[in-house]
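Q: Here is what each chain is made of, one letter per residue.
2 protein chains.
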Amino acid sequence: MNYRVLNVETIIDYISNIKSVMNYFGSDEIRADEIGDGNLNYVYKISSVKNPQKALIAKQAVPFLRCVGEDFPLSRERMIYEIRALQKFYTIFPSFVPKIHHASEEMSLVVMDYLGSHIIMRKGLIGGVKYKNFSGHISTYMAATLYYTSSLYLSSAQKRELVERFNGNRELCKLTEDLVFSFPFMEHETNDNENVENNPDAQKLFSDMEFKEKVLELKYKFMTQSDALLHGDLHTGSIMINENDTYIIDPEFAFVGPFGFDVGALLANLVNNYIHHSVVTKDEDYKSWLLLTIKDILEKFSEKFLSFWSESKESALLVDGYLDEVSLKNYKERFVKNILRDSVGFAGCKMARRVYGVAGVEEIRGIEDEALRADAERMALKIAREFVIKYDKIESIDEILEIMKNAG
Amino acid sequence: MNYRVLNVETIIDYISNIKSVMNYFGSDEIRADEIGDGNLNYVYKISSVKNPQKALIAKQAVPFLRCVGEDFPLSRERMIYEIRALQKFYTIFPSFVPKIHHASEEMSLVVMDYLGSHIIMRKGLIGGVKYKNFSGHISTYMAATLYYTSSLYLSSAQKRELVERFNGNRELCKLTEDLVFSFPFMEHETNDNENVENNPDAQKLFSDMEFKEKVLELKYKFMTQSDALLHGDLHTGSIMINENDTYIIDPEFAFVGPFGFDVGALLANLVNNYIHHSVVTKDEDYKSWLLLTIKDILEKFSEKFLSFWSESKESALLVDGYLDEVSLKNYKERFVKNILRDSVGFAGCKMARRVYGVAGVEEIRGIEDEALRADAERMALKIAREFVIKYDKIESIDEILEIMKNAG
Numbered sequence: 053m054n055y056r057v058l059n060v061e062t063i064i065d066y067i068s069n070i071k072s073v074m075n076y077f078g079s080d081e082i083r084a085d086e087i088g089d090g091n092l093n094y095v096y097k098i099s100s101v102k103n104p105q106k107a108l109i110a111k112q113a114v115p116f117l118r119c120v121g122e123d124f125p126l127s128r129e130r131m132i133y134e135i136r137a138l139q140k141f142y143t144i145f146p147s148f149v150p151k152i153h154h155a156s157e158e159m160s161l162v163v164m165d166y167l168g169s170h171i172i173m174r175k176g177l178i179g180g181v182k183y184k185n186f187s188g189h190i191s192t193y194m195a196a197t198l199y200y201t202s203s204l205y206l207s208s209a210q211k212r213e214l215v216e217r218f219n220g221n222r223e224l225c226k227l228t229e230d231l232v233f234s235f236p237f238m239e240h241e242t243n244d245n246e247n248v249e250n251n252p253d254a255q256k257l258f259s260d261m262e263f264k265e266k267v268l269e270l271k272y273k274f275m276t277q278s279d280a281l282l283h284g285d286l287h288t289g290s291i292m293i294n295e296n297d298t299y300i301i302d303p304e305f306a307f308v309g310p311f312g313f314d315v316g317a318l319l320a321n322l323v324n325n326y327i328h329h330s331v332v333t334k335d336e337d338y339k340s341w342l343l344l345t346i347k348d349i350l351e352k353f354s355e356k357f358l359s360f361w362s363e364s365k366e367s368a369l370l371v372d373g374y375l376d377e378v379s380l381k382n383y384k385e386r387f388v389k390n391i392l393r394d395s396v397g398f399a400g401c402k403m404a405r406r407v408y409g410v411a412g413v414e415e416i417r418g419i420e421d422e423a424l425r426a427d428a429e430r431m432a433l434k435i436a437r438e439f440v441i442k443y444d445k446i447e448s449i450d451e452i453l454e455i456m457k458n459a460g
Numbered sequence: 053m054n055y056r057v058l059n060v061e062t063i064i065d066y067i068s069n070i071k072s073v074m075n076y077f078g079s080d081e082i083r084a085d086e087i088g089d090g091n092l093n094y095v096y097k098i099s100s101v102k103n104p105q106k107a108l109i110a111k112q113a114v115p116f117l118r119c120v121g122e123d124f125p126l127s128r129e130r131m132i133y134e135i136r137a138l139q140k141f142y143t144i145f146p147s148f149v150p151k152i153h154h155a156s157e158e159m160s161l162v163v164m165d166y167l168g169s170h171i172i173m174r175k176g177l178i179g180g181v182k183y184k185n186f187s188g189h190i191s192t193y194m195a196a197t198l199y200y201t202s203s204l205y206l207s208s209a210q211k212r213e214l215v216e217r218f219n220g221n222r223e224l225c226k227l228t229e230d231l232v233f234s235f236p237f238m239e240h241e242t243n244d245n246e247n248v249e250n251n252p253d254a255q256k257l258f259s260d261m262e263f264k265e266k267v268l269e270l271k272y273k274f275m276t277q278s279d280a281l282l283h284g285d286l287h288t289g290s291i292m293i294n295e296n297d298t299y300i301i302d303p304e305f306a307f308v309g310p311f312g313f314d315v316g317a318l319l320a321n322l323v324n325n326y327i328h329h330s331v332v333t334k335d336e337d338y339k340s341w342l343l344l345t346i347k348d349i350l351e352k353f354s355e356k357f358l359s360f361w362s363e364s365k366e367s368a369l370l371v372d373g374y375l376d377e378v379s380l381k382n383y384k385e386r387f388v389k390n391i392l393r394d395s396v397g398f399a400g401c402k403m404a405r406r407v408y409g410v411a412g413v414e415e416i417r418g419i420e421d422e423a424l425r426a427d428a429e430r431m432a433l434k435i436a437r438e439f440v441i442k443y444d445k446i447e448s449i450d451e452i453l454e455i456m457k458n459a460g
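Protein chains in written order, with the working numbering: chain A, 53 to 460; chain B, 53 to 460.
Extracted from the complex, chain A is given alone in its bound form (with noise of 0.2 Å):
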C-alpha cells in the first residue's frame, strides 16, 4: 500500500478494508471524528454510529509538524517505532499497553483501543486527583520493559536484533539530544526566550559549568549506553489513567538507550507535579501522596526488577554458576542501584530543560501569575541541579525525597 495522507472521510474507506478492524465493528456502520490535538499526527476517533462507546482510535503520521504545517518537514518514519514499540511493550505486558488492531508502517498508521474513559494523567495530577493503584502499575511496567528487553534477560542474538529494529529512530533521538541536553541550557533560538532575555536565573542556568558538564555526561549515557528497549518520552501526558487501569500511549521516541531514562522522565514529570503543588495549590495533604508516590514507585520498581531477573538464570550476560549466590545477589543490587542513580540524574536534566527550552510542561510554564510561575522555575532549577550534581553518588530513595522536600 503506498501511503497517502487520509482525512476524514478518506480513513473511512481505508478501515473499511481491513478485517482486524470491522471484525471488531461488526455489521455496524462506522463514523470518523478527527480529535487529536497533537504537535505531530492526526488522530481519528473511529467509531459505531448506533454504539458511540463501541470505538478505536487511528493515528496517522504527516511527513510534516503537523501543528505548523507542510513547510516544517519531519519524517513520518517515527510511526515505524512507535507500532514496533507498541506491539513489542504489548507482549511484555498486555495490561499496560492498548492493543493494537491494525498497524501498516507503509501508511504510517495504527488502529487500537479507544480509552474513552481515561484522561491524560497530567491533567489528573494538576487537578489534585490520586491515583491509588499507579504506583503498582508503573512500577511493574517500567521493571518488565527494561528488564525483558536487555541483555540480562535477552541473548546476546536476540538483543542484537532488538538494538537493528530501532537504531534508526535517529530524528527523534536527535531532538532528545538537542532539546533535552543541549539546547535549554545555552543561548538557543529554540529556547523560551522571552524568559530568558534579562533573567538572571537563566543565565546563571547557563553559566553553571559544573552543572553542565554533569548533563553532558548524562547526554553522554543516553547517546551511546545501550541497556534496554526504552519509551523514550515517559511523562504524565504520555499515560491514559484512571481509578483502574493505566495506559502507557505514545512510545515513538523509543530506542535502546540507558534504562535510567525511562524511570528519570516519569520521575522528573512527578517532581515537577509536586513543585505546582507547592507554589500555586500549596495543598500539603497532595503533596504528601506525591512524595510517597514517588518513593513507592521507586521501591517497587527495583523489588520487581529484581524479582523479574532472580526467574532467568541465563542470558546474554550471565551464564548461570558463574558467581555464587552471594556475589550474585550483591552484583545485582549494585546493578539496580546504578539504574536508581542514572534516573535521578537523568530527571534532573528533563528537569531543567522545562524551564527555559522549547517544550514547557504545563505545570510550570502554565501557571498564568508570573510571580508565582517565577517561584515554580527557581524551584524547578533547585531540585534539578542537586539531581544532576549529586546523582551518581545517591545512596537511598529518602535522599531523593529529602532533595525535594528541602526546595520548596
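Please note that the accuracy of each hint is not assured.
Same chains, same label: a pair holds when it works inside one copy or across any pair of copies.
As the list claims (entries may be wrong) - Straight-line Cα separation of at most 35 Å, DSBU-like style, residue types lysine-lysine; simulated pairs: (1) Lys434 - Lys445; (2) Lys151 - Lys445; (3) Lys434 - Lys365; (4) Lys384 - Lys256; (5) Lys256 - Lys365; (6) Lys256 - Lys184; (7) Lys352 - Lys71.
Derived from the structure by calculation, the hints contain no laboratory data. Owing to the predicted nature of the structure, the values given are computational and were not obtained by experimental measurement.
Fit chain B to the supplied structure of chain A, relying on the hints for placement.
A: Then chain B, alone, in the frame of chain A:
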C-alpha cells in the same frame, strides 16, 4: 556473484576477472600459493610468476572452522565485517592498514597488499626485537580509529549508521562474550582443562568472586557501551611489523563497542610479553623497553585523542559554545582518563582469560618448562587481578607500570 569456496586453482580464474587486481599485475602471468595457517580462513599469496616480489594477498572465509573442517560450522558473515572495518580504518588512516585491491561481501573474499617484509609482531616481541616506531604508530592508529568513529566526532545520524553497519557481527561478539569474559573463569569444557584439574591456582581464580563480579561489570560494558568502532581483537598477532612500518590486520571482530577494549587488548598482550621475558629470558633491558613502550603508547594515545578532539567543535555530543574553555578541557581530560581506566580493566580480563581459557598466548602457554609456565601463569593472574579490581580507581599510567613491576 554466488558464493563458492575457491582453491589454489580456481582463485586464479576468479582473480583474472577482477580489473582492479589485474591492473596491479599488468600483463604478468600470475600464480597462487596457499600460505595461511589460520584457524578460520583460506589465505593465498597471488604473485607475478616472473617477479615473485610483486604480490597480493587473497583471503576467503569459509562457512566452517577451517582448522577443524566442515563439521564445525561458523558463519562466513564475519568477512562482511572484516571488509567493512578494513575499508573504514583505511579511510581514517591509510598508512596503518593494508590497501584493499578488491573486496566482495558475497564471495566473503578480500584482496589486499602482501606484507612480505613484515612479521607478526608477537614473534618479534618474543624474539626480543625493539620496534622504535611502534608506540608512535599504534597510538596514532588507536586514537584516530576510536575518535573518528565516536559520538565525539560523528553526527548523531552518522553514528547510528555506523552502528547499523556493524551491529550484525553477532557471532564473533558472542565468541568474545563467552571466551573472554565468562568461560575462562569457571569450570567449562572449552577451557585448557588439563591445566585446570587439581590446580589450586585455577580453583582460586574460579572462586574469586570479587574478581569475577568486576569482570561481569566489564562484560556488561563490552555488550552495551557503544562508544566507537573497534578492531575487536587487537592483540600482537593482529599486527604486522618491521623496523619502519606497522600494519593492523584481521579486524573480523569489529563492532561498535567500548573505547577501552582495543587499548586494553593491546596492553594485555604487551604485559603478557613482559611476563614471558620476566620468567623465560630474564632480559632486564628488554623488560625496561617494554615498560617504556607501554607508558609511551598510553601517554601518546591520550595526547593524540585529545588533539584530534580539539580540531572539531561540533558533534553528536558537543554543541559549539555549550561549555566554556576551562570546563571543556576538564571534561575532555576526565573523559580520556576514563578510557584509560576501562582499558586497564579490559586488559585484566584479556590477560586472565589466556591462562586457562580456550586460546592461550604463545608467550605463556608456549613455555615448555612446566615450572616456568606455572610461574608465568601466576604472574599473569596476579597482574590481571590487580588490573580488574583497581581499574576504575587508576589515577596515572605509572600506577599501571607499578602493578607490573611489583608482580615479577
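Q: Quick check: which numbered hints come out false for this structure?
A: Per hint list: 2, 6 and 7 violated.
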